[in-house]
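A.B. asks: Read off the chains here:
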Amino acid sequence: MTADLLVHRELGLTDDELDQIRAELGREPTYTELAMFSVMWSEHCSYKSSRLHLTKLPSKGDAILVGPGEGAGIIEVAPGVAVAWKAESHNHPSFVEPFNGAATGVGGIIRDIVSMGARPIALMDSLRFGELDDPRTRYLMDGVVHGISSYGNSVGVPTVGGETAFEDCYADNPLVNVACLGVVEHKLMQGRATGTGNKVLLFGSSTGRDGIGGASVLASAGFDDSSMEKRPSVQVGDPFSEKLLIEASLELVARDLIVGLQDLGAGGISCPASEMAAKAGTGIYLTADDVHLREQEMQPFEIMISESQERMLAIVEPRCVDEALAVCAHWGVPARVIGEVTSSDRLEVDVGGDTVADVPARALADAAPVLDRARQRPEWIDDLQASPNGGDPPEDLAGALSTLLASPSICSKRWVWEQYDHMIFLGTIGPPGGDAAVIRLPDREVAVAISTDGPGRYCYLDPCDGARLAVAESARNVAAAGARPVAITNCLNLGNPEDPEVMWQFGEVIRGISDACNALGTPVTGGNVSFYNETKGRPIYPTPVIGMLGVLDSYRTAVGVGFVEEGHQILLLGSTDPGDFGGSEYAKMIHRIVAGTPPKLDLQAERSLHLLLHSAATQGLMASCHDLSHGGAAVALVECAMAAHLGFSVDISDVCPQGEPHSAWFSETPSRAVVSCAEEHVETLAGLAATHRVPLSLIGVTGGSDLDFGPFAIELTTVEEITERALPNTLSASMDR
Amino acid sequence: MAFSAQVNVMLKPGIADPQGQTIERSLPVLGYTGVRDVRVGKRIELQLEAADEGEARDRVTEMCDKLLANPVIESYEVTIQ
Amino acid sequence: MAFSAQVNVMLKPGIADPQGQTIERSLPVLGYTGVRDVRVGKRIELQLEAADEGEARDRVTEMCDKLLANPVIESYEVTIQ
Amino acid sequence: MTSAGIVVFPGSNCEQDCMRSLAALGASPQYVWHAESALPDVDIVVLPGGFAHGDYLRTGAIARFSPVMDAVRKHAEAGGLVIGICNGFQILCEAGLLPGALRKNAGLKFLCKWTEVRVENATTRFTSRARVGDVLKIPINHFEGNWYSDPESWRRIRDNGQVVLTYVDNPNGSLGAVAGLCNETGNVMGLMPHPERACEATLGSDDGGVILRSMLDHVRDSVA
Ligand SMILES: Nc1ncnc2c1ncn2[C@@H]1O[C@H](COP(=O)(O)OP(=O)(O)O)[C@@H](O)[C@H]1O
Ligand SMILES: [Mg+2]
Chain A
232 MTADLLVHRE LGLTDDELDQ IRAELGREPT YTELAMFSVM WSEHCSYKSS
282 RLHLTKLPSK GDAILVGPGE GAGIIEVAPG VAVAWKAESH NHPSFVEPFN
332 GAATGVGGII RDIVSMGARP IALMDSLRFG ELDDPRTRYL MDGVVHGISS
382 YGNSVGVPTV GGETAFEDCY ADNPLVNVAC LGVVEHKLMQ GRATGTGNKV
432 LLFGSSTGRD GIGGASVLAS AGFDDSSMEK RPSVQVGDPF SEKLLIEASL
482 ELVARDLIVG LQDLGAGGIS CPASEMAAKA GTGIYLTADD VHLREQEMQP
532 FEIMISESQE RMLAIVEPRC VDEALAVCAH WGVPARVIGE VTSSDRLEVD
582 VGGDTVADVP ARALADAAPV LDRARQRPEW IDDLQASPNG GDPPEDLAGA
632 LSTLLASPSI CSKRWVWEQY DHMIFLGTIG PPGGDAAVIR LPDREVAVAI
682 STDGPGRYCY LDPCDGARLA VAESARNVAA AGARPVAITN CLNLGNPEDP
732 EVMWQFGEVI RGISDACNAL GTPVTGGNVS FYNETKGRPI YPTPVIGMLG
782 VLDSYRTAVG VGFVEEGHQI LLLGSTDPGD FGGSEYAKMI HRIVAGTPPK
832 LDLQAERSLH LLLHSAATQG LMASCHDLSH GGAAVALVEC AMAAHLGFSV
882 DISDVCPQGE PHSAWFSETP SRAVVSCAEE HVETLAGLAA THRVPLSLIG
932 VTGGSDLDFG PFAIELTTVE EITERALPNT LSASMDR
Chain B
9 MAFSAQVNVM LKPGIADPQG QTIERSLPVL GYTGVRDVRV GKRIELQLEA
59 ADEGEARDRV TEMCDKLLAN PVIESYEVTI Q
Chain C
9 MAFSAQVNVM LKPGIADPQG QTIERSLPVL GYTGVRDVRV GKRIELQLEA
59 ADEGEARDRV TEMCDKLLAN PVIESYEVTI Q
Chain D
2 MTSAGIVVFP GSNCEQDCMR SLAALGASPQ YVWHAESALP DVDIVVLPGG
52 FAHGDYLRTG AIARFSPVMD AVRKHAEAGG LVIGICNGFQ ILCEAGLLPG
102 ALRKNAGLKF LCKWTEVRVE NATTRFTSRA RVGDVLKIPI NHFEGNWYSD
152 PESWRRIRDN GQVVLTYVDN PNGSLGAVAG LCNETGNVMG LMPHPERACE
202 ATLGSDDGGV ILRSMLDHVR DSVA
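Protein chains in written order, with my numbering: chain A, 232 to 968; chain B, 9 to 89; chain C, 9 to 89; chain D, 2 to 225.
Just chain A, with the same shape it has in the complex (with noise of 0.2 Å):
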């Protein structure tokens, strides 16, 4: 069969990427050729758009042992111990089917971690929606954490934090990015299909005609009405059959059964089967009668790019395939032998005796072409940056300080966090509600604090200081839970790329996230570009959402943002500058203005910051610790005192002398933090700091059960009704679908 002429644009392919096609085959492409090439190089797998830039980031360290271009990166976080860690977005899924989309989106990620021959551990989802007065809004926020609790419970694996926020341009495109972490248990797998002659097993649930074309369908390109009508591809995710595919996963690994091990995600089996054997230089052999089906007379091309959920190949030595076979029996996982690894460098596919597909695997794999789209500073930003930046002074301190507490991207995150099991495994030492979640590796001393961060309003006003300071806050949050920041994961959220202004965002974000890992020696292990997120032509702000790993030698060092005990001193660390009001809560929020320029960011005092408070908390001189971002000063010690039921008595008048008042409690000057120590620590604290150069001012002491500002005083019982409350009132007001 031979495609027809215009087949190619219907799947999303160019005139140019069909001649290159063409060229690749010396001969006209087969449909179901021609379909396995339109996934594989759609944007969303091929990175076609971003690869260009990608490989601009800092990729090696020390402790990577597997950088960017695998399942999940890898890390070493202790002598012979090694974590995967890898974030995925699933924004465009999530809109046309909150509770399902998200859902799926947590299997996808759970499954790249297992990939790598690692148990996961733990999840982080980071989201965005519109503004909550929007019933749909209301809807999707509801759905989609309901699918994440939904699907992460019922697997097994914890949900242990993230970040939530709110801006009227996710309004229709929200973004669910979720993060997971997975241990090495017995040894690292790869995606390889090593070995002539090996066979290839697929294994977990049958193959079905959902999500046909998923990727290329739903991530890359634009949404408008007509998305509605994408909707046949929707999947539904089965927790269930996830956890016995990561059972059987794992002790396919452990029992040395299998050789190389991939994930089916999107692209469906193309991408595994192709990216297998060009990694290895080896082709793969497959006869696609043999793929267990859920639905009856599949075509060919839909077997090859279905995108049928909890799906894994791995590539198997003769002499274990019964074992294999035996192991995935046990567990009540459907496997299939359906081909073999072989000699030639492609991959070929026959359904009853006739080659549907014969394709170079590289071609399939790596030679999707890699554009340089053009670039362009919007006019506009000029502007944005130029105009007043908000940070007039606000009627009166005390008020301001009860609606940023009220703000929903501030308030208490109690209302998502408790849907997610996030204490499975035992290891939750830092639970959701802190800074960064610290979790201790099963069984042993070690523990990493992971945290995700993408100040969208930041990166709307430049994207490359936004991203700098993504980079920094998410390094921050680890530090403030007694880590030092190792590496990141990331994903990029953004608009358009044949948008010129949107790349150059794109081109600026990886120019900042380049510049502030470098400065803060945490190297980037993978990530993810999600495109297109827009609706009727309105870009999203560009939002790179950054998960940062530290490690913790021991996970008795860590701190939490809670006040202690009555008495202790609270110290201000860092210095406050009166005009870090761009892109600020308090801005948006006292003065409904998002403009002027983000917070200037020292990315050597950032780094001064993290090593006191790592060294500080190793030493134990911390009693709590919590890093200043979203809301500043003011913010930052009503949630020191809320976690601990403990309220205080303060003076940050001086912190700021410079400002008015307001600066002090409201700026979001980064390299901050407040902590709080018994007074015997307060001398080597301050020595500390000293060598470290960082700024530290004594500002007052924890106790009683009122937060007492000096110029004012609330009472601890007033602030947590407004906090717990705001968004527990909002959802249960009616939600439209």
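Hints in this document: simulated from the structure, not taken from any laboratory. Hints are not guaranteed to be accurate.
To be verified - Calculated lysine to aspartate or glutamate pairs in the EDC-like style (CA-CA distance at most 20 Å, straight line):
#1 A:418 to A:614
#2 B:74 to B:63
#3 B:50 to C:63
#4 B:50 to C:57
#5 B:74 to A:364
Using the hints, position chains B, C and D with the ligands against chain A.
C.D. replies: Positioned in the frame of chain A, the structure of chains B, C and D with the ligands alone reads:
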């Protein structure tokens, strides 16, 4: 007038139903063979006021579109008594 | 012979149904008034082989007693076609 | 040493945590696959939390038909200790080894949070280390923890002292705020809170140890 309405909400054909499949797989273990195509959905029963049966049906159908069913993955069927 | 069976499983009368109550509370917000007694249950559809309709009904009823419904809180209703 | 068999159903997910916590308390736990028709020689049977068979249809509905459940029933009938935690509790109710049924939480949300539970009966084999009125801090983690029974059985259950734990602040609408209860003979207990998650102060509480240790005490004392 008061009417009773029953709504059956099922996953659309082609949408995977892991719940139904799991039940199907467990039935032979309990000694029930020859059972196929198990699908699990929702049933909603309610009482409503309407001028006549036609109006009752229209209102329930509208409620299904807006709230009771998820048109992305589910189809529904309304009975009025 | 092949039969289609439909099973409706509902919470017994008298047992609180928070799902039904939530729907009942949200309907007025969406503009639907006069709706009462909303109950949410499960609907299970399946195909089975049996000698005749009577046998089909007996087998499905047995499945309900054993598996498909929990007699402590649920009642069920079987239709065979 | 007290031996415990932790039953693993497809979809169970708290078996490792039970293993770690019981081992840390000095017991000798082992896993038992649900398809086994006999139990190894163990003193205690644990049905751990999780989502056996995905909790599809109803929690515990399919799991109760696993071959191992006959052996669990025999173990219980012979007076052996059985504890069902969360999903394990749901399975025991479905299997008829404990009375009542567990419905969706009244708030229709999954809840993972610390709760305080009050000891209502300290003479059971699961609470001998506590006194009546003691309040234990143990987390819950479920969507279906809203226990129900018909009024008549409920009266009997109360009169028999089968209510072992109640929530101080009922999180899920459970009848009588029941968090945990035992059978008439007092050797089978089910509870929604996860004692195995509360065995280490670093994680927030070690009160769960009160329940697990009481069981170990009972086994030791009945051997002696
Ligand atoms: N979607 C979510 N899932 C889980 N935890 C969340 C989510 N959103 C927020 N949290 C938790 O709430 C706390 C506050 O979040 P955030 O304000 O973003 O912290 P920070 O400013 O330190 O980055 C964190 O512990 C975070 O993990
Ligand atoms: Mg923070």
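A.B. asks: Confirm or reject each hint.
C.D. replies: Status of the hints after comparison with the structure:
For the given pair, residue 418 of chain A sits about 54 Å from residue 614 of chain A by alpha-carbon distance, which is inconsistent with the 20 Å threshold. Note on residue 74 of chain B and residue 63 of chain B: the hinted pairing holds, with a Cα-Cα distance of about 17 Å set against a maximum of 20 Å. Pair hint residue 50 of chain B plus residue 63 of chain C does not hold up; C-alpha atoms about 26 Å apart against a cutoff of 20 Å. Proposed proximity of residue 50 of chain B and residue 57 of chain C is contradicted: the alpha carbons are some 24 Å apart, above 20 Å.
Distance restraint check for residue 74 of chain B and residue 364 of chain A: the Cα-Cα separation of roughly 18 Å lies within the 20 Å cut-off, and the hinted pair is therefore satisfied.
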